[in-house]
Amino acid sequence: MSIKEAFNISKSVWSMSVKMARKYPVILLPFFITAICNALTLAVLYYFPRKPWSLFFASPIRNFKGEKFLHYPSNFLVLPELFYYFQIFIMATVGIIMFGMAVNLIYQANSGNVLPRPAGSFNKSVRRYLTLIGIWATLFVLSFIILKVPAIILVKFLGAKPITLILLRIFFYSGFILVIIIEALLVYAYPAAIIDKKKYFASLKNSFGLSKRVFIASLILVAAPRLLEVGYIIARGYMIPFFVKHVPELSVGVIAFGIVLVLFTDFFVICAVTNLYILAKETEK
Amino acid sequence: MKKIINNLSLVAVAVSLLCVTVGMIGCGGGDYEAEKLYWKANKMYVQLLKDPQNTKPQDYENIVVAYQKIVFKFPRWAFAPRAQLTIGQLYAMQNDTVKAKTEYEKVLKHFPNDQNSCAGALFAIGKIYEFENKWDKALENYNKIVSDYPNTYAAFQVPLYIAQYYKTKGLEQKAQNAYKDAISRYSKVIEEHPNTFAALTAQNFTVAALIEQQKWDEVLENLRKIADSYPGTPVAAESLNTMAGIYVNQLNESEKGAEILRELLEKFPQIGARELIEEKIETLKSGHN
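Protein sequence lines correspond, in order, to chains A and B.
Using our numbering, read the first sequence as starting at 1 and increasing by one per residue.
Using our numbering, read the second sequence as starting at 1001 and increasing by one per residue.
Calculated from the structure, these hints are not laboratory results.
Please note that a few of the clues may not be correct.
Computed cross-link-like contacts, DSS-like style, restricted to lysine-lysine with a CA-CA straight-line distance of at most 25 Å [as the list claims (entries may be wrong)]: (1) B:1174 <-> B:1225; (2) B:1137 <-> B:1106; (3) B:1069 <-> A:51; (4) A:245 <-> B:1127; (5) B:1101 <-> A:245; (6) B:1056 <-> B:1099; (7) A:65 <-> B:1073; (8) A:68 <-> B:1056; (9) A:68 <-> B:1101; (10) B:1050 <-> B:1073; (11) B:1137 <-> A:68; (12) A:65 <-> A:212; (13) A:23 <-> A:4; (14) B:1285 <-> A:51; (15) B:1137 <-> B:1036; (16) B:1137 <-> A:245; (17) B:1043 <-> A:245; (18) B:1109 <-> B:1167; (19) B:1137 <-> A:51.
Non-contacting residues of chain B with respect to chain A, defined by C-beta distances greater than 12 Å in every case (computed) [to be verified]: (20) 1036; (21) 1054; (22) 1111.
We put the CB at the ideal spot given by N, CA and C, even for glycine.
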């Protein structure tokens, strides 16, 4: 497949996804539910230095980060990291079920005969939870190893030197690219698990097989939204310390923007890959 | 029917969780709110300090109100005394000594348990009396710091401050007596509380008093005591460094200064400024030669 063909396929799939969302807005419901869970979590975490939440959070934050981060405005510096850990929990519970629900809704929307049914899709996703969580955990663990482990090794063996900073940056950016490639290879496992009810290993194998055939298109479909997220994460790294110095509460706005961004990037990734999966299946027939 | 009940139960659980969460979010406040207000007030204060001459009286008043809000709403908060002190400082900066004194006295009245803030308030009131050329009243306040709040840092500063005052006024005899009293007080602390932070503070102030009197032999003796009493600590390194500086700059004994610097490098091989110190030793050696 040439790059031009891959771009054309990606454009068509995105266009199809947007039209589908306009025709069946219920497809966006799972992503909204995840975003609401994230938003509620953020709302609670915003109050972590105050009672009653400080009863739970004070001790671990004091031990791992320091007393300073329990007080205004330094608490906003630790808020993104705290939110990140809770986001992982939400993703592993609600989020992954919502992914499955979204895949089924998109499948039903594609069939044209049946109106997408949220309740039924939710039930189907719950029944496939173990497979879905296995797929998500595989992606998560691989991302974690690629992004975090080199940094730990570099700091341990090289220490705090200028070369360490340069190497950390190189590993950081190349790590992100590698993570996007891996997601492009394995992302079709979600539709395989829901639509074709494949088990964990079969889903991964199926995804790998399909992705090889349309690798560049898959890469574009995954990379474009995820690079937006990467850009946001980098910008957030600068914006939050700036806001903490001047208007600390705006840090929450920055994190909230991230929740909205992820709502749309997840929609584009899941909707696009599911549509491409369905197209590929029909082509095979 | 069962399905409807299940769905309703799920919705009920979700709504309850939401209500509990939102309800709990409404709780709290207290110290965190105080910190927030304090940070905002401090930000305005820092902005004012950049250009106090060109700050309008209304801006001063706004900042005073911001700190007053903290003291009024959170009187039991740990930093409320400091907020009250800052109110006094704001009036003092506007040369409104009457209001400044009133606000400083509030620290003594409302926060008697905060020793540091009370000592700070007494010192500030003393400075106002000095400004009004009422040295006797100022001295009374300064002595009150030493008698009523002996464990505060201000109580260590005051004896030396009094001696410095007499010195700047050209009252040599009074200055010498004040230095003698200061050193005597510091020696008492060192004797009564050996190997404590108070003893170390007293030793440092003793050195400062002797430096002001240019009694270099005694300065060196005391610095050596500090270096020997706290081996391996940054305090010891600083003492040795100061000793070297005195030998070189005050007593013109470059070789002795170089010897002390070599001792410093020997006892503190991981010291950050190693290269600079080695360079200094070379300079001193070549200068001596």
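Hints versus structure:
no.: 1; hint: B:1174 <-> B:1225; verdict: 28 Å, violated
no.: 2; hint: B:1137 <-> B:1106; verdict: 18 Å, holds
no.: 3; hint: B:1069 <-> A:51; verdict: 22 Å, holds
no.: 4; hint: A:245 <-> B:1127; verdict: 33 Å, violated
no.: 5; hint: B:1101 <-> A:245; verdict: 33 Å, violated
no.: 6; hint: B:1056 <-> B:1099; verdict: 17 Å, holds
no.: 7; hint: A:65 <-> B:1073; verdict: 30 Å, violated
no.: 8; hint: A:68 <-> B:1056; verdict: 34 Å, violated
no.: 9; hint: A:68 <-> B:1101; verdict: 33 Å, violated
no.: 10; hint: B:1050 <-> B:1073; verdict: 28 Å, violated
no.: 11; hint: B:1137 <-> A:68; verdict: 41 Å, violated
no.: 12; hint: A:65 <-> A:212; verdict: 44 Å, violated
no.: 13; hint: A:23 <-> A:4; verdict: 28 Å, violated
no.: 14; hint: B:1285 <-> A:51; verdict: 64 Å, violated
no.: 15; hint: B:1137 <-> B:1036; verdict: 38 Å, violated
no.: 16; hint: B:1137 <-> A:245; verdict: 42 Å, violated
no.: 17; hint: B:1043 <-> A:245; verdict: 10 Å, holds
no.: 18; hint: B:1109 <-> B:1167; verdict: 33 Å, violated
no.: 19; hint: B:1137 <-> A:51; verdict: 47 Å, violated
no.: 20; hint: 1036; verdict: 5 Å, violated
no.: 21; hint: 1054; verdict: 22 Å, holds
no.: 22; hint: 1111; verdict: 20 Å, holds
Of the numbered hints listed earlier, those contradicted by the structure are 1, 4, 5, 7, 8, 9, 10, 11, 12, 13, 14, 15, 16, 18, 19, 20.
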